[in-house]
Amino acid sequence: MARFIERHPAWALIVIIAVAVLLWLVFAIWPPGLEAAIGRKRLFLNAVLNGITLGGLYFLVASGFTLIFGLMRNVNLAHGSLYLFGGYIGYAISTWTGSWILSFIVAFIAVALVGVILQLAVFRRMEGQDLRQTMVTIGLSIVFADLMLWVFGGDFYQVQTPSWLIGPVQLPLLTAIKSSGEPVYLQYPLVRLVIFAASVVIGIAMWLALNRTRIGMIVRAGVDDRDILAATGVRIQLVFVLVFALGAGLAGIAGVVGGTFQSLSPGEDTRFLLASLVVVIVGGMGSIPGAALGAVIIGLAEQLGSVYIPTYAIVVTFLIMVVVLALRPQGLLARR
Amino acid sequence: MLKGSLGLIALSSLLLSGTAFAQEKIKVGVTATLEGTYTVLGEDGMRGHQTALNVLGKKIGDKELEFVVASTDATPDSAVRAVRKLIEQDKVQILLSPLSGDEGIAVKNFAKTHPELTFVNAASGAQETTYVDPAPNFFRYNMDGAQWQVGLGKYAYETKGYRKIATVGEDYSFIYTQVFGLVLEFCGAGGQVTNRQWVPLGTKDFASVIAALPDDVDAIYLGLGGADAVNFLNQYQQAGGKAHLMGGSIMIDQTILSSKGSAKNALIGTIAASGQADTWEDPGWQKFVKAYQDSFPESKRFPSPSLLATNYYGSTMALILALRQVNGDLSNNQAKLKDALAKIEIDAPNGKIKLDANRQAIGTNFVTEVVDDGKGALFSKVVKVIPNVNQTLGYDPAVFAKIGLPSRTVPECKKY
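So the sequence lines, in the order shown, correspond to chains W and S. Quick note: the first sequence, position 102, residue 102 per the numbering used here, numbers continuous. Quick note: the second sequence, position 235, residue 235 per the numbering used here, numbers continuous.
For the record, the hints were derived by calculation from the structure and aren't laboratory data.
Here are the in silico distance ranges between beta carbons for each label pair: (1) W:135 with S:77: 24 to 30 Å; (2) W:314 with S:410: 20 to 26 Å; (3) S:356 with W:314: 35 to 41 Å; (4) S:284 with W:146: 35 to 41 Å; (5) S:54 with W:238: 54 to 60 Å; (6) S:116 with W:334: 55 to 61 Å; (7) S:401 with W:330: 53 to 59 Å.
Just so it is clear, CB atoms sit at the ideal spot from N, CA and C, and this is done for glycine as well.
Go ahead and model the full structure; you've got the sequences and the hints to work with.
This is the structure in structure tokens:
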């Protein structure tokens, strides 16, 4: 941090000012002039919170994607299918048992198993052939999409939110003060906050596992140089299978999350594949913190865009991607 | 031995069917949105189409109809691609297409490049399709989005007492047309539309849209369909929304009312208008509902046909009846068929339908209210039936032309 300020004093100043403005926008009562210019504060706060919580969902999908890429240099374009499959599994379990929590566990395990099978039966056979692997994953994603269409049909499925999560909560953020002097606090859907908290916990757990454990050390070593790692006697294939299972399982969990606050239907697979591609391109391929940053940026861009420039909201995400590709092609937080 | 002789029989029958028993086929291409946001709508449209074939049969004199289905995703380019493929690869002679508003405008324009073929609109409802520069070989037996809103504005203003409303709609031609119809009538009655919000087709995360809904209005009008509508309702429930709602024709429809989960319950009591009402007691409608229910097992259909099923049924019916009138004669660039299509009046399940000079349907409209049948299933109940709704909504054509074409901001909220 200190080094960054020393090296780029101008940028640091801009960042500090931006953070200060943002904090002021979030916590202060907006003067009437500002409300007239850019709309009510409630709207702004909602869009920001929505962007961050949507970022949480994107992070869950993209972290698995970036983890698999980082270690195996395998651009798994069937990742969206894993997401949708996890969602369907979660839906089936939650309607069958009525337990929302259980649906996460089963979806994680089931999709992780699919990941293991994919790794053992497909990717291991074509190790090191990036292009071939990518083509195979495109083919697989089409096959999976048709299989799921066959089994689940074109219907929309929604994972039922447990009753204790339905409805809004009051956040300690002032949006306005009524003429009577009574403060108005922000109401926000509880389920989104819970899901966001869960994705933060998962993100931190992944970071700790990668940076503080022996397995994490092996994985990081594998990211840097697979061949040397294998030469030291580590059973690299086992590590690959584990990482693939974890990445796939995360996509499965994300599917249940997506099915809870959005919906599941054919086409969602490609939408989330595209979203995670954009997220990791912005954040940096193979970097977990990069995926987190990218996810929040894309989530915020989508939501703020849909409020303030609804007509061009779709373009904003891709504009960000274009700018990142032009100025910092390796991604914002990539190491090289 | 057995295998060999069986093979021989199969082979000879194949040869025979190619020569001696050659039955002339009439090839019809059908498109439906079997992908993307409107998948469920497309699927139920195809059910309506199938029901029509079950009821009417595929025989046209000594010829037989053969259908080739292509899938689209509600975007105009997907519709043109599908139609082009049907014409160029499958060599279809007649098109039953398309389902969605923007698709309709594109296919109508494309129809002009094939004046020799006949296009029967399947279900699309943008006003522009038949109102602006219509194609002489494009026939539409369903009303447009504005016609489907007739009655709603007055009912909301006079009976429900709503004075100020806001709208949320998908950003494309059909919903523009629906809002057009609503605004004309509601503002004409003296109401105010304070805010019109447009979201891209295929929006998944409505949280910010919901946050931006104004709270100083009497009701909020929802012009959404398919996955968008389900997502909206789900997130509306999570956000604890409690406003009075009004619905467009594909919002208050079995495609949404029979979706899974409890979010749809927010719609109970919602008023809407559409080209049909689920609980209409007319015998023709009840017969159609029965035919639809009998055509598919209960798990593979909705409790009652959606607007899309009804539209596909009506357009298939019009086509078959017209073909039978001319005995399947497609000679001379299908001139006889086109003539018959333009003149035919059909007894569709949702009322009598005839075409105007632009080959656009004049039909019956329904104002409805959503009710719970007591077992958790939602239906639209008839409040008012309005016959003979034409494309200019009863306005003098010259006055109507001055209003302008439906768009994000047209019409203005005033009395025309």
